[in-house]
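From first to last, the protein sequence lines stand for chains A and B. Going by the working numbering, the first residue of the first sequence is number 1, and it counts up by one from there. Going by the working numbering, the first residue of the second sequence is number 1, and it counts up by one from there.
Don't take every hint at face value.
So the derived list for chain A, only partly shown, Cβ under 7 Å to chain B, looks like this [as the list claims (entries may be wrong)]: (1) S144; (2) C147; (3) P149; (4) L153; (5) L197; (6) L199; (7) G202; (8) P206; (9) Y222.
Below, simulated DSBU-like cross-link-like pairs (lysine-lysine); rule was C-alpha separation at most 30 Å, straight line [as the list claims (entries may be wrong)]: (10) A/K450 - A/K360; (11) B/K37 - A/K121; (12) B/K37 - A/K238.
Hint data in this document are derived by calculation from the structure and do not stem from the laboratory. Where a beta carbon is used, it is the ideal one built from N, C-alpha and C, also for glycine.
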Amino acid sequence: MYIKDYSRRLGAVFFIFIFLLLLVSARLFYIQFFKYSYLKNLAKKQHEFLVELEPRRGTIYDRKLRPQALNIAVDSLFADPKSIKNKESAVQQLSAVLRLDPAYLKNRIYRDKSFIWIARKLGSEEAGRVKALNMKGLGFIKESKRCYPNGYLASHTMGFVGLDNSGLEGLESHYEQYLKGEPGWAVFLRDARQKKLDLPEGLVLPKDGNSLVLTIDEVIQYIAERELDNAFRTFHAKQASIIVMDPRTGQVLALANRPAYDLNEAGKAEPAVRKNHAICDLFEPGSVFKIVTASAAIEEGRVNENDRVFCENGNYRQSNRILHDHTAHGWLTFREVIEQSSNIGTSKVAQKIGPDVLYKYIKLFGFGSSRGIDLPGEINGMAKPPKLWSSTSIGAIPMGQEVGVTVLQLSCAISAIANGGLLMKPYLVKQVQDMNGEVIKEFFPQVSNKVISPETAQRVRAILTGVVEDGTGKLAAIQGVKVGGKTGTAQKLEPDGRYSHNKFVGSFIGFAPAENPVITVCVVLDEPHPSYYGGVVCAPVFKKVVTDVLNYLEVMPLDKVVYSAEMAANAVGR
Amino acid sequence: MRTARVICAIFLFTFGSLLYVHQQTRIVSLAYLSGKKQVVLKELLDANNILRYNMNVISSLPYLDKKILSKDLSFEIPREQQLVRFNYARQDLGISQELKKRNTLLGVLFGAGKQAEAKTLNH
Chain A
1 MYIKDYSRRL GAVFFIFIFL LLLVSARLFY IQFFKYSYLK NLAKKQHEFL
51 VELEPRRGTI YDRKLRPQAL NIAVDSLFAD PKSIKNKESA VQQLSAVLRL
101 DPAYLKNRIY RDKSFIWIAR KLGSEEAGRV KALNMKGLGF IKESKRCYPN
151 GYLASHTMGF VGLDNSGLEG LESHYEQYLK GEPGWAVFLR DARQKKLDLP
201 EGLVLPKDGN SLVLTIDEVI QYIAERELDN AFRTFHAKQA SIIVMDPRTG
251 QVLALANRPA YDLNEAGKAE PAVRKNHAIC DLFEPGSVFK IVTASAAIEE
301 GRVNENDRVF CENGNYRQSN RILHDHTAHG WLTFREVIEQ SSNIGTSKVA
351 QKIGPDVLYK YIKLFGFGSS RGIDLPGEIN GMAKPPKLWS STSIGAIPMG
401 QEVGVTVLQL SCAISAIANG GLLMKPYLVK QVQDMNGEVI KEFFPQVSNK
451 VISPETAQRV RAILTGVVED GTGKLAAIQG VKVGGKTGTA QKLEPDGRYS
501 HNKFVGSFIG FAPAENPVIT VCVVLDEPHP SYYGGVVCAP VFKKVVTDVL
551 NYLEVMPLDK VVYSAEMAAN AVGR
Chain B
1 MRTARVICAI FLFTFGSLLY VHQQTRIVSL AYLSGKKQVV LKELLDANNI
51 LRYNMNVISS LPYLDKKILS KDLSFEIPRE QQLVRFNYAR QDLGISQELK
101 KRNTLLGVLF GAGKQAEAKT LNH
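Chain B extracted, bound-state conformation (with noise of 0.2 Å):
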């Protein structure tokens, strides 16, 4: 009887050992992995920093200006004064194009008029 008891708490004590070293072990391995995931997200976030600053250069002023005034694009100044059209390709409004598609099947389907659409002032 008395060797049942010490057989028992023996196997508690070697239960609650383990128990708490696969806990240990389980939280350690999971730092491996957090640590892991830390450095791709760090890498991910520089990226994704570098990749802003990059947008903001490409857009400043003095590089737009340097990119312009270069001799390989066939860009022109306009004059002080002098008026500038701009043409919009029918073709470029993909969107406008996708709103009238979608428009004629819905006034097909329930006979619903055309919505108003926002025209360009140059156009």
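So here's chain A without its partners, still in its complex pose (with noise of 0.2 Å):
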């Protein structure tokens, strides 16, 4: 009975852990068969994180590889609001230390978040102030920012970057697909404790974004920059531009405008600071613009350098208009016509052209059209076809009225009349390089249009050194250096469409050395006051900035500069 009750038992025992087993074994079966792949994703989920590597962007380098824009890792500040214990106390610290408003951190800490930004890209300074506070729930990540060591300098050109570092003006926003480059990423294991362990399971590097190299030089941009600030701040003009290009390539060598702005600080700046008026404001040029008008008349033979014309001792009836000179002229040779910048000399002349003829050279010079700079914005300016002309244009017209050009647009036509006649598509980048160093890119120099003839170009830059050594750019001379150029001053539009008498746009181009011109200057201030004509405010911008241009590229060597008893006795002792 016994032995019986016992293998019975024996037996429900043995059924039971059978049937037990047999529950194993499903559940060991619905797990590995049914529920693999959602358990297997669940623990390479807290066995393993993905994290995007970010690429680091593009250096941007002058022509002589000296960083304009670089990139440098610093820390962002953030908060896990819930681990914050007292954070009545945690705004005020982090206010007094970060100098923020201490109802923005209210809002950010008050938050119901475990991750939240307090404030990124700090600097070294205010992170280490942070740090020292030994906070708990405040940390810090590691990001990349943009910084830009000139700080104002070429800073319509550069542009900036956004916080996510993209770019948004300038060449920072123009070349954004090289500058940017490919982000990478990796997948860490992490243990329990949910540290992160040094193993990448997958990895694939972040390629970074390529370098530029620019056209723009250092020291001529400062040079530049320099000399308008000046004239800027003496004039108290309302705005001023200037442009330094190599004729001969289309290179741009510096590009300024005032007012300017800190690259590192381009979020604190008005918009309107920030706009690049040489290449998105247009403006009537004024007297530079005759410049076109004598290379046509030149180049089409309807005239030469010493055709006389008479200009009506100063007022000069057209249609319904009536002409008026600066200074009062009788008879003048056509030479002199653009040396004193007669308007009626000019007018006369451009009647003996035409429209058609003179709106084809207008056209010719890149005049109404974008020169297809490698900037954003660049506008087209204004020049309207003869079909639309009135009777009074083509009094106007000639010498710089009723059309609209940009700062741009001028330096190229002057580069024209000084590379022998041809109209050279301006550009910023010479190079991209990627992170080697290896040029995977370059640009050369284009040409536009073939606008003159050499001899033609050659008679023009003749006028024009007349201009500086007798007529009205006198104050653009250089000791040592023979250069020419053309004044001008353009009074601007009141809104009610009358010519103003009390705001004036004044400007100055010009090329040096007129032998063979290596450099061209482009200088225009907006309402400059008291004095406001090109040939007093802008042509000393033009001869500070060639005096030494040329002497940094040593075009200009010092035998050539002249050097006086009294001088070398003022001599610095240092």
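Both chains are sitting in their own frames, so use the hints and assemble them into the complex.
Here's what the structure looks like:
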């Protein structure tokens, strides 16, 4: 009986175990075959995490490989509001250390979140002060910050980037595809405490952005900005622009505007200050436009330098408008018409050329269409076709009224005269280099138009040299170097359509050395006062810029500079 | 005999397992160590970059312009076409003095003559 009971019990236990084993097996089978992928993913999520590897944005260099924009790693401060026990104290301390509005901090720290940005891309001192607080619930993440070692220098050309390091303005925006690079990723393991182990399971390295080598020269840019700034302040101008160009290639050596802004604090600058006036604003150029009329007249053989023109003693009725000259002139040669910037003489020469031919040269010089510079926001300017001209247009357009030009277009036009008659496409980037310094793309000079013959260009250059030697541009003359140029003073249009009597745009365009020009400079000052003549406010800027740039380029050797005994006596012993 | 084999097999299996676990823990601890060193290295590299950037800023033309033209420096910008003479203090030419000493010593020991030495043009 006992043995029978025993074997029955044993059988029952056996079956129970077998049943349990079957249950476990069934559960295992279910887990292995039906829940496999779900559980595997769950485990993977706990042990692995994906990290996006940020690429380094490409550096921007000047033409001599001096860095103009580069990246440094800085701390960004975040908070885990749930871990902060005394939130009021945290707000007060952070507000004092970071000089942030307490209301802003309160709004962030009192949120029901486990991650929130407090301040991104902090300076090392600020980050150090926050670290010294040793506050629980605060943390730092390294982020790449775009920095500009030269601050305001070439600010309108360089542009800037946003918080996410994508280009928003200038070259930073135009060459975004080259500069930004491609992000990589890595899968790292982490332990039970969610701490990262430096064991990447999978890794795709980020591709750093390419670097740009500009045509801009830092030193020339500095010289141009220094002198422009000086004139801008001296003559209380509303705004000012300057472009220094190599006429042989169309390479822009310097481009600047005033007012300017510090690229490292671009967010604080007003949008109007960030505007690149040299390419985004049009204005009536005034007498500097006479280079077009002069070139057209000589190229078409309608006039030569010694032909005499009667300048009506300063008053000339044309249709229903009376033209005036700044100084009354009688008979002048064509050379003198340009040298003395006679409106009446220029208008009479333009009538010999006719509207269609004049318009042809306006277009050939690149007015009325964008010059295609590698910057965003360039405008076309305004040059209306002859069918839209009024009866007075033939008197106004040759002297730079009824046309709208940009500083860049003027710069290209004077470069065409300086280089022998070729309109070059202006450009700012010479090369794109990869992270190893290998050149992956190169930009070469491009001819847009053949405007005038080399002989005509030579003759116009001779006339423009006369402008500086004997005409309205005497303040641009440089001792020891022959230079040429043209002054311009344009009345601005009032909102009612009349020309203003107290608002002017002063300008000067020129080239140096006159025999074989290596640079052209275009200076424009908007609403300068009390002086406003281009020959007074802009020509000295040209002179100072050209003197320093030619010295820097070693075009004007020191032996050409005349030292007097008095100067030697004043030598600074240092 | 069979028991001995089983024990031996269990021993080998355990030993193998321990070896596997040991190397896994070593890998993990090395990963921790590497992580720490990576952080230090990254901080040093970042500090180096910041230092280079600061050097760029300090040597930039706008910064120098601001510093030189500020009133606290008694620096005078030469006027146009004004001659500027640079005076070098003899004692500042440390390397040159050192070379002189060496030449003298060599001369004494081996009777060798002095080497030609470049002189500053304006001195």
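The hints, checked one at a time:
1. S144: violated, 10 Å
2. C147: Constraint on A/C147 satisfied, holds at 6 Å.
3. P149: holds, 4 Å
4. L153: The hint holds - A/L153 has a Cβ within 7 Å of chain B, the shortest such distance being about 6 Å.
5. L197: For A/L197, the interface hint holds, since the closest Cβ of chain B sits about 4 Å away, which is under 7 Å.
6. L199: A/L199 check passes; min Cβ-Cβ to chain B is 5 Å, inside 7 Å.
7. G202: violated, 15 Å
8. P206: violated, 15 Å
9. Y222: holds, 4 Å
10. A/K450 - A/K360: holds, 12 Å
11. B/K37 - A/K121: OK: B/K37 and A/K121 at ~24 Å, within 30 Å.
12. B/K37 - A/K238: violated, 55 Å
In summary, the numbered hints that this structure violates are 1, 7, 8 and 12.
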